[in-house]
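Here is what each chain is made of, one letter per residue.
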Amino acid sequence: MALICLLIALFAVALVRFAPGFGADELSLDPRWSEQSRAAHSAQANRGLMELYWLYLKGAARGELGVSTSLGAPVAELLAERIPVTARLVGEGLLASWILAVSAALLLVRWPAAMADIPAALLTGLLLCLPAALIALGCVLAGAPARLALAAIVFPKLFRYCRDVLRHLADAPHVLAARARGLPDGRIVLCHIFPAALPQLFALGGISVSMAIGAAVPVEAFCEWPGIGQLVWKAALGRDLPVLVNLTMVVAVVTLCANAMADAAVRFWGQAGTT
Amino acid sequence: MRLPRKAALIVLLAILAGSVFSGFVVPHSYETQFRDNLDEPPSWRFPLGTDPLGRDRLARLLYGSRLSLILALAAAAVACVIAGAGGTAAGMLGGRWERLFLGATDVFLSLPWLFLFLAVRGLIPLNAAPITSAIATFVLLGLLGWPGPARIVRAAARELRQADFVLQARAAGRPLYRVLLVDVLPNLRPVLRAQFWVSVPVFIAAEATLGLLGLGAAEPLPSWGMLLRELENYDAIAAKPWLLAPATALVGVLVCFHLVLSKEESLS
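So the protein lines, in turn, are chains Z and Y.
Convert by adding 1467 to the 1-based position in the first sequence; the result is the number in the working numbering.
Convert by adding 265 to the 1-based position in the second sequence; the result is the number in the working numbering.
To be clear, the hints were calculated from the coordinates, so they are not data collected in a lab.
The beta carbon of each residue, even a glycine, is placed where N, CA and C say it ideally should be.
Warning: the hint list may mix true and false statements.
Stated by the list, open to error - Not everything, but these chain Y residues come out facing chain Z in the computed CB check (under 8 Å): (1) Phe373; (2) Leu383; (3) Ala473; (4) Thr474; (5) Leu477; (6) Leu496; (7) Asn498; (8) Tyr499; (9) Pro506; (10) Leu508; (11) Leu509; (12) Ala512; (13) Val516; (14) His523; (15) Leu526.
To be verified - Pair by pair, the computed Cβ-Cβ distance ranges are: (16) Z:Pro1612 with Y:Asn392: 48 to 54 Å; (17) Z:Ala1609 with Y:Pro455: 41 to 47 Å; (18) Z:Leu1589 with Y:Pro506: 37 to 43 Å; (19) Y:Arg439 with Z:Leu1589: 47 to 53 Å; (20) Z:Ala1583 with Y:Arg443: 49 to 55 Å; (21) Y:Pro395 with Z:Leu1522: 32 to 38 Å; (22) Y:Ala501 with Z:Pro1612: 20 to 26 Å; (23) Y:Arg439 with Z:Gly1558: 53 to 59 Å; (24) Y:Leu408 with Z:Glu1691: 30 to 36 Å; (25) Z:Ala1583 with Y:Gly479: 29 to 35 Å.
The following block holds chain Z by itself, in its conformation from the complex (with noise of 0.2 Å):
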């Protein structure tokens, strides 16, 4: 992780040094500065690609990462502020989506009937077809919560696989044996089915905050929610490239974390499951 880390920072630093208009200054243009001081500064100014990534690499070991274009303040400042609003977002809207799949899906398992299925099939499939920005300005529209777009932007993509995965475990061989043995369809859902999906939904749970980081940019920029997706959305259109490397370097890293917990939930549960 740490070696993907040091790629994703190496590409976020050749993304500013080969950026149009890198090392160009308003010193350059101001005619009190002699020509030597201004060669002088343009050679300093443009240094190479390993050269910048090591001096990237030393500021960001002490916590400095550079100072926002636009906004004129350091970027470390600005990340500290806005990813706990961010997180909060994120990690209401990602609650409220996986309660309202997994119920959701469970239900439809257990009472498998097509007067259910056809409803959620049309909700899901309209709300895929809608894009995130969409569903964010219906929100706000709507006068409804920001928690509640991202958890709607989230939603029919864990309800799809969850309801797919947990389908595909009802026709398992334990769970028919089950089923011969006369045990109520409630205690097969909750206690041979599902404990069956959990590692599947672990894999899943680890996707699903990139999907929710992804969509929280949208939300928070037509919601007006503070948070490192509305910063990266303004960095954007004001191409504020060490505001805009940063937060790609600081969203990969917790994606790749969630990733890593995902996967250590799965390897655990798996050896919980075999012992």
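Chain Z is already provided as a structure; the job is to place chain Y on it using the hints.
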């Protein structure tokens, strides 16, 4: 073919035809300004009214549909070419190359694409021409959209690696690149075709999100995302419901795509 799929296909073809032959449907360009008809409601002359700059909304919707559909197809082609090349090579070579390839796709798939896109989008100069920014948006979408299809192509190529005709070709001394081009790629065509069509609605929706955020095509060029920006004027929507026409068209097209592609989606 079931009835909903047939109906969806007809609607899609009608929208595609309307957008491609927009010059026959509306007689003026998307950027022509009618300065005596600013912000007008729908009429016989302007069926969807005009915008605050006096431009015909129907002309902009039709031209925007053409741009979004054509560029989404192009982005899907870019993604499938990368996925096809990488996935086939990784599946056929196997070993560490395959592991390296899977690691790369895992990293790309685990990162939120919107953050990556915004970081790379920052490289496009502010003074880029509108068509350049539109093309760059879709090319970037294509470049970031390859990992999902690539994993599926890799899995299909891996199955072919042990197929009798591939083993026979390798045993006959045919070079690997010829085996890839002559024996493997033609057999991967159905998988690539399915991935191509499944990617198109994804890129259309992605462009709409970017356009609404102000990061898609630039004025005066219309795209679906750009046209949706009028919805940000919340108060105007109740008084002018025709502002919802681009959103309705976009959602209609995406629903039709999902209906038509339901079989391919279930396969992927």
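Results of checking the hints against the structure:
The interface hint given for Phe373 (chain Y) is violated, since its Cβ lies 11 Å from the closest Cβ of chain Z, which is over the 8 Å cut-off. Taken as an interface hint, Leu383 (chain Y) checks out: its beta carbon lies about 4 Å from the nearest beta carbon of chain Z, inside 8 Å. Contact between Ala473 (chain Y) and chain Z, as hinted, is supported at the beta carbon level, the nearest pair being about 4 Å apart and thus within 8 Å. Hint status for Thr474 (chain Y) relative to chain Z: holds, with the closest Cβ pair at about 4 Å, below 8 Å.
Taking 8 Å as the C-beta contact cut-off toward chain Z, the hint placing Leu477 (chain Y) at the interface holds, the least distance being around 4 Å. The beta carbon of Leu496 (chain Y) is positioned within 8 Å of a beta carbon in chain Z (closest approach about 6 Å), and the interface hint is therefore held. Because the beta carbon of Asn498 (chain Y) sits about 11 Å from the nearest beta carbon in chain Z, more than 8 Å, this interface hint is broken. This hint holds: Tyr499 (chain Y) has a C-beta 6 Å from the nearest C-beta of chain Z, less than the 8 Å allowed.
With a least beta-carbon distance of about 13 Å to chain Z, the hint placing Pro506 (chain Y) at the interface is violated under the 8 Å criterion. Nearest Cβ of chain Z to the Cβ of Leu508 (chain Y): about 12 Å, over the 8 Å cut. The hint is violated. About 11 Å separates the beta-carbon of Leu509 (chain Y) from the nearest beta-carbon of chain Z, more than 8 Å, and the hint is not met. A hinted interface residue such as Ala512 (chain Y) counts as satisfied when its beta carbon comes closer than 8 Å to some beta carbon of chain Z; here the least separation is about 6 Å, so the hint holds.
For Val516 (chain Y), the interface hint holds, the least distance from its beta-carbon to any beta-carbon of chain Z being 6 Å, beneath 8 Å. The beta carbon of His523 (chain Y) comes within 6 Å of a beta carbon in chain Z, closer than 8 Å, and the hint placing it at the interface holds. About 12 Å separates the beta-carbon of Leu526 (chain Y) from the nearest beta-carbon of chain Z, more than 8 Å, and the hint is not met. Our hint of 48 to 54 Å for Pro1612 (chain Z) and Asn392 (chain Y) is violated, since their Cβ atoms are close to 39 Å apart.
At roughly 43 Å, the beta-carbon separation of Ala1609 (chain Z) and Pro455 (chain Y) lies within the given 41 to 47 Å, and the hint holds. At roughly 23 Å, the beta-carbon separation of Leu1589 (chain Z) and Pro506 (chain Y) lies outside the given 37 to 43 Å, and the hint is violated. Between Arg439 (chain Y) and Leu1589 (chain Z) the CB atoms are about 51 Å apart, so this pair conforms to the stated range of 47 to 53 Å. At roughly 54 Å, the beta carbons of Ala1583 (chain Z) and Arg443 (chain Y) sit within the given window of 49 to 55 Å.
Here the CB-CB span from Pro395 (chain Y) to Leu1522 (chain Z) is close to 37 Å, well matched to the stated 32 to 38 Å. Look at Ala501 (chain Y) against Pro1612 (chain Z): about 23 Å separates their beta carbons, and that is inside 20 to 26 Å. Between Arg439 (chain Y) and Gly1558 (chain Z) the CB atoms are about 56 Å apart, so this pair conforms to the stated range of 53 to 59 Å. In this structure the hint that Leu408 (chain Y) and Glu1691 (chain Z) lie 30 to 36 Å apart at CB holds, the actual value being about 31 Å.
Between Ala1583 (chain Z) and Gly479 (chain Y), the C-beta spacing of about 40 Å breaks the proposed range 29 to 35 Å.
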